[in-house]
Amino acid sequence: MAGYKPVAIQTYPILGEKITQDTLYWNNYKPPYNYAVTASSRIHIYGRYSQEPIKTFSRFKDTAYCATYRQDGRLLVAGSEDGGVQLFDITGRAPLRQFEGHTKAVHTVDFTADKYHVVSGADDYTVKLWDIPNSKEILTFKEHSDYVRCGCASRLNPDLFVTGSYDHTVKMFDTRTNKSVVSVEHGQPVESVLLFPSGGLLVSAGGRYVKVWDMLKGGQLLVSLKNHHKTVTCLCLSSSGQRLLSGSLDRKVKVYSTTSYKVVHSFDYAASILSLALAHEDETIVVGMTNGILSVKHRKSEAKKDSLPRRRRPAYRTFIKGKNYIRQKDDILINRPSKKHLELYDRDLKNFRISKALDRVLEPSCTIKTPEVTVSIIKELSRRGVLANALAGRDEKEISRVLNFLIRNLSQPRFASVLINAAEIVIDIYLPVIGQSPVVDKKFLLLQGLVEKEIDYQKELLETMGMMGMLFATMTRKESTPASDGLLENKRIEF
Amino acid sequence: MEAAAARVVRCGGSELSLRRAVFSADSRYLLCVSGDFVKVYSTATEECVHVLQGHRDLVTGIQLNPNNHLQLYSCSFDGTIKLWDYLDGILIKTFTVGHKLHALFTHARAEDSVFVTINKEKPDVFQLVSVPLPRTPRQDAEAGEPRLVLDCISPSPKCVAFGGQGDYVAAVRDFYLSVYFFRKKATSRFTLSSSENRKHAKNNFTCVACHPKEDCIATGHKDGKIRLWRGFDDERKYTYTCLHWHHDLVMDLAFSATGSSLLSGGRESVLVEWRDAAEKTKEFLPRLGATIEHIAVAPAGDLLCTSHADNKIIVIGRNLEACAVIQGLVRDSSVLTGLMVDPRTKALVLNGKPGHLQFYSLQSDKQLYNLDIVQQEYINDCGLVQIELTKAAFGCFGAWLATVEQRQEKEGELELQMKLWAYNKKTQGFLLNTKVSAPHEDRVTALCFRSADKSDVPTLVTASRDGRFKVWVLADDSDIYRKAEGWTCDFVGSYHKYQATNCCFSEDGSLLAVSFEETVTIWESDTWELRCTFCQRAGRVRHLCFGRLTCSKYLLGATESGTLCCWNLLSCALEWSTKLGVSVMEPDPRSEHVAAVARSSGGSDLFVFKPSEPRPLYVQRSICSEEVRWGVFVPRDVPEALASEALQWLNRSQFYFLTASQSLLTFSSKSPEEKLTPTSKQLLAEESLPATPFYFLLGRHRQQRGEQADGAADGERVQLPTTEGVPAVSELLHTPAHVLPSAAFLCSLFINSLLLATEAPSAEETPEDAEMEEEGERDSSEEEDAAPEQAQQAGLPDGGDGGDEAEALQQQLSKCAEKELRKLRRVDYSWVAVP
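As you go down the protein sequences, you meet chains A and B in turn.
Take the first sequence: its position 76, counting from 1, is numbered 76 in UniProt numbering, and each next residue is one higher.
Take the second sequence: its position 22, counting from 1, is numbered 22 in UniProt numbering, and each next residue is one higher.
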């Protein structure tokens, strides 16, 4: 007939964050290594694994901004407070090229897709395009009416790049036309812009908003995200392009899914975040903060657990044996039900070994990790009416194990109703032998103290509830109309 | 009114496990008592092949005729013993004894007499007597004078057993075992100590069985022991051995046909087989679902069966493998959920096995399936507080099922759980969607879905004794990883902290009525605002329902102190009220009628009324002698046209009700119909073919030939046209005369429709034909449809004048009618063929 039905383990809704694939992926970073950057007019280059700078460029007269690698990683360009743009070879020390032309601080520089030009935006409201081979200025765009603080070149088209400015606009320029081709209104001073690898989508950040624009539709707003409660300062795409990261002054980095634009994960940092970068394959996340600290997190590598010698399993063909047999016309099909796997405690319960089942779930490995399993088994035993039998006849070590579990979980509201019943039974059974073992006596006293504390706590709560009830009563009297008296009261009480 | 009164009929669900079932000699059929009938089941297909009807009271015993194994004796409380031919379902003879018969025994030695248990003088003194049956050719005969065999026995047939060779009969009662030897004509009595000390306190005998070959008697005891008695022909030299596995009383014992093993069962619902009657070698068949009441063994020795407390018989093979289950309506001690109708299968739904909902087909008197709600291992032990399924409701045209289960061990410790089940089209069953633990702080008193369109959000309302009602809605719970939906609480309402006792949605779902003890509150279902309140100060409201269709502006309420009130929702005033102690009030979903059952001194009375009129449409006094607990209207598949004015309310739905003693009754205006359909007869014929390996080779050819033959026979059969079923005729008779066209025009139409049967031989198919044949019919009818059409098209251009045109029109009309008729017939028959 019907098989044995395993004990239903009561599951409780997990409050707070849901565990999803994304939280697991982004949580997989090692604890951060924090250290300070000493000089503001220097560029330090850190190795992938060592925490020491392996190279330093210090040829700046003033603060350096926005060091950017070329796509092939051989050249580095950076702007500076004094309006200069300097190009470095990674192997060398002295600047390879110096582009002079901006009159104010250059906050953004980038290489174009053809690798031979540099785009820079400065506080003098201009955007300039430079040629690397002969270090000359090719074009100047003067369309912005405020500081240009961010920019990004297209990865596909060497002629396209976008810049964001404090005049609330993001403009896309085409070097072939000498003027902007698309301009979108962000609504706040734009702090950061980002082009998707495909070049079709543009992300801009300014104020508390992150906005995504469809450039192929001529700059139509696709979605506006408001997940930070302070200005968003930086944006970054994950290497797969599936996730978008945004850092903000509210000390959070949020990870969005680029299909649904919903927040899938969030990092907390100690200070307001100014800049953010992700390494290749999301191996490292680096965050710069206002307190001068640079936070670097390395992600733990996955699936390295195969090193343990494993028991030899049956070959693959054992499992697929007969699986792809095609049924002939005259065959009689006999279905054999698949074997159901039962937990160890279920096997004990099936055979009515109640004490053994209880022993199993009182093992520390079970009580600490999954207390709900232990509670469910205790509940099942009480449903079967054999809880007293299962708890009786235990020695000092075993009973102290039961008491430990009770002390740890008795005050949890989700377990309380079951465990209070169990505690009563334990006290009833072991009252005659009290005083024989100091260990158990101590546990009982601890339990007593716990219960007393809980009672005091409940009393306080009731008092508070009473006070609140009085407050609500006075409030409803002021507002209520005679017809809907009952209803209003309910709405308040149920909050 | 008296002439038109509907008969109250019992519609199945009688107890199958009252007595031991009996196998036929070839183990192909299983016979069991079922109320006033004896049912013959096929052990291979679990189908009921015959119902032996004839007794006028409960059948209390059945035994095969030891001289002719194709005949069956049955005895009943009506004082008769009947002899049946169970293969053909024919009553052969009736013997009148004159006493109430409690049990029946036969054995081969006593050729022309049977043994019955009667009580003669005092109500609790039972005697085993032998009754000689005269050999007369007449159908009805007076049985001979009964001869006393044993006095002071237990009325249960389990406590009497005949020895294998018929030398002795053993009977047990309380603490003694008495054995009567037919040859010596003497009784030996063995008594067990019944002292008050704990060890022997439960020594009572519960059942007895005799070894078929040796002189050995097995007895079961209340403490779970089984004793095997030997050497009992001497009162001093007897010995017994003890077998102990059961921890509760032994319900029944049986020896296998050869006597090599002993079978026992009890409350643990585990069948134990003791091989060679030894303690060491036992086999188990666990988890049979409910207490084993009886064990029966086939005389051929290849099968055995166990009857269970939940109205179930399990047929078990020799290697302890269940091979068939015959399940009747499970009779739970308390039907807490009430009666419901599953909108999809039209099955009756109520509490079944503990923690299960049973879906019971009313047409075939068979359980369709059990839905496990509690999903926990059932421990069958007395004194245990089990999880009870207390409330259930279907919603959204059967797409959702809500259930509430509770367990209360001590006062104040209530475990409540609400589960919401979604209907899965792929698996054709309900899947658990949402589990809400502790939806309320106290017991849930009512549960109802909003009956609304498919576009609306499914909404459920629960009312509880904690003074609140909660509104639950289906919410989207999906994120970027998966799509999901679940139920969440949308609104909590209360009214002055009174206990909420009932809730009910109006037909269109716009209003919600919730009763709080004496007060009824009406809430807007869009905004959950309190609209108005009704209070009659006439006790707590027990039943609440809205009127339907044209009466949807009325709200009905029945209170505990015996007042039935009807409020008008438009004027917010009491329309009418009457004194009526309503115990069941059910609205018909297909019409405006409301049925109310009230308790009176002579039993229960039925009142059918419309909310718009305070005067009842139909009253039937004393529909049954006991209290009616639950009632439900089951919509008919095809509306029935009942001639009587008073029975109009039974046209669209049928009213079923359940009494306190768990019998399911209904109203019928017809004489009891023949239950046995030709399909099961056919089944019987096919079954006579032995299932040898050759069957698989040859059987198929034979079947095919048979089908061809059947088809040929159908073609030859000629049936007279019946006027009732023809829609053209009924239309003619039911249309008002002033809208009908002239008689000259109708005449030919009318004649044509009558001639139809001879034109189209396919139309005379009987509804019981198998599906295959129906396919054939469809094909042939389609061909015929095409043929006249061609003819007509050819004929049309020929006719030039108006007269011909009119004729053509007529022809066309009759053809339309013909088509419609065929369509209608197909619709009608499909439901017969599908189950």
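No lab work stands behind these hints: they were computed from the structure.
All C-beta atoms, glycine included, are put in the ideal place defined by N, C-alpha and C.
Each hint should be verified, as a subset may be incorrect.
Computed cross-link-like contacts, EDC-like style, restricted to lysine to aspartate or glutamate with a CA-CA straight-line distance of at most 16 Å [claimed, not checked]:
#  : chain 1 : residue 1 : chain 2 : residue 2
1  : B       : K435      : B       : E415
2  : A       : K262      : B       : D479
3  : A       : K350      : B       : E377
4  : A       : K5        : B       : D365
5  : B       : K100      : B       : D85
6  : A       : K340      : B       : E377
7  : B       : K410      : A       : D167
8  : A       : K142      : A       : D167
9  : A       : K262      : B       : D477
10 : A       : K5        : B       : D372
Simulated restraints on C-beta separations [stated by the list, open to error]:
#  : chain 1 : residue 1 : chain 2 : residue 2 : range
11 : B       : P616      : A       : K340      : 30 to 38 Å
12 : A       : K340      : B       : V619      : 35 to 43 Å
13 : B       : D490      : A       : A270      : 55 to 63 Å
14 : A       : A388      : B       : W576      : 41 to 49 Å
15 : A       : G187      : B       : S571      : 53 to 61 Å
16 : A       : Y4        : B       : R590      : 40 to 48 Å
17 : A       : L461      : B       : K435      : 24 to 32 Å
Discussion item. For a C-alpha distance cap of 16 Å, please report whether A/K340 and B/E377 respect it.
Written reply: holds (15 Å)
Item to complete: Starting from A/K142, check that the Cα of A/D167 is at most 16 Å away, please.
Response: holds (12 Å)
Practice prompt. With a cut-off of 16 Å on the C-alpha distance, tell me whether A/K5 and B/D365 pass.
Written response: violated (29 Å)
Worksheet item: Is A/K350 within 16 Å of B/E377, Cα to Cα?
Response: The given pair, whose Cα atoms are some 9 Å apart, holds under the 16 Å limit.
Worksheet item: Lying within 40 to 48 Å: is that true of the beta-carbon distance A/Y4 to B/R590?
Response: holds (44 Å)
Worksheet item: Does the hinted range 41 to 49 Å hold for A/A388 and B/W576 at CB?
Response: The hinted range 41 to 49 Å is violated for A/A388 and B/W576, with Cβ atoms some 59 Å apart.
Item to complete: Return holds or violated for the Cβ distance of B/D490 and A/A270 against the range 55 to 63 Å.
Response: violated (41 Å)
Practice prompt. With 30 to 38 Å as the target window, see if B/P616 and A/K340 comply at their CB atoms.
Written response: With Cβ atoms ~57 Å apart, the hint is violated.
Practice prompt. Take a quick look at whether B/K435 and B/E415 sit within 16 Å of each other, Cα to Cα.
Written response: holds (13 Å)
Discussion item. Against the 16 Å threshold, does the CA-CA distance of A/K5 and B/D372 hold or violate the hint?
Written reply: Between A/K5 and B/D372 the Cα gap is close to 11 Å, so the pair holds against 16 Å.
Discussion item. Tell me if the beta carbons of A/G187 and B/S571 are separated by a distance inside 53 to 61 Å.
Written reply: The hint (53 to 61 Å, Cβ to Cβ) holds, given that A/G187 and B/S571 are roughly 57 Å apart.
Practice prompt. Confirm or reject the claim that A/L461 and B/K435 have a C-beta distance inside 24 to 32 Å.
Written response: holds (28 Å)
Hint compliance for this structure: hints 4, 5, 7, 11, 12, 13, 14 are broken, all remaining hints hold.
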